[in-house]
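Can you build the whole structure from these sequences, using the hints too?
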Amino acid sequence: IIMVIEAVLLLAPQRMGTLYTTLLIPLMIARYILYRADLYHYFMYDFCYYAQILLLIYMYKYPNNLQFQKAMFAIGNGPLCSAIVMWRNSLVFHSMDKMTSMFIHILPSLVLFS
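If you read the sequence shown in our numbering, its first letter stands for residue 1, the second for the next number, and so on.
Don't take every hint at face value.
Said to hold, decoys possible - DEER-style ranges, computed between Cβ atoms:
(1) Thr18 to Phe43: 24 to 30 Å
(2) Thr22 to Gln69: 35 to 41 Å
(3) Leu91 to Pro13: 18 to 24 Å
(4) Leu91 to Tyr50: 31 to 37 Å
(5) Ala71 to Ser95: 27 to 33 Å
Claimed, not checked - Simulated crosslink set (SDA-like; lysine to any residue; CA at most 20 Å straight-line):
(6) Lys98 to Pro26
(7) Lys98 to Leu10
(8) Lys98 to Trp87
(9) Lys98 to Arg15
(10) Lys98 to Ala83
(11) Lys70 to Gly17
(12) Lys98 to Met44
(13) Lys70 to Ser109
(14) Lys98 to Asp46
(15) Lys98 to Lys70
No wet-lab data here; the hints were simulated from the structure.
Just so it is clear, CB atoms sit at the ideal spot from N, CA and C, and this is done for glycine as well.
So, in structure tokens, the structure goes:
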């Protein structure tokens, strides 16, 4: 997945939003199912998940709204990126939970830069 993200960023950055959406939906469904089984599903009310929803709304409903773009850029490159360091997210390829956490924190900034 990481090599696909890199290829899209380098070769077709205009398609990064589509890739982001196709990765986000199955990962969030899988995360909800796993978290629900462990009774952790209330963690999905966290700000990071709201930021994902806001980014989808921005991309598909209000793509030309400059104020919304500035707000999303600030969210994607501020609290979401700093949360990677703060919560010690790591890139562990065999852990679906850690990969999903890394995905929801780093990809919004990549989407907004592309």
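Subject >> Indices of hints not satisfied (ascending) >> reply: 2, 4, 7, 9, 15
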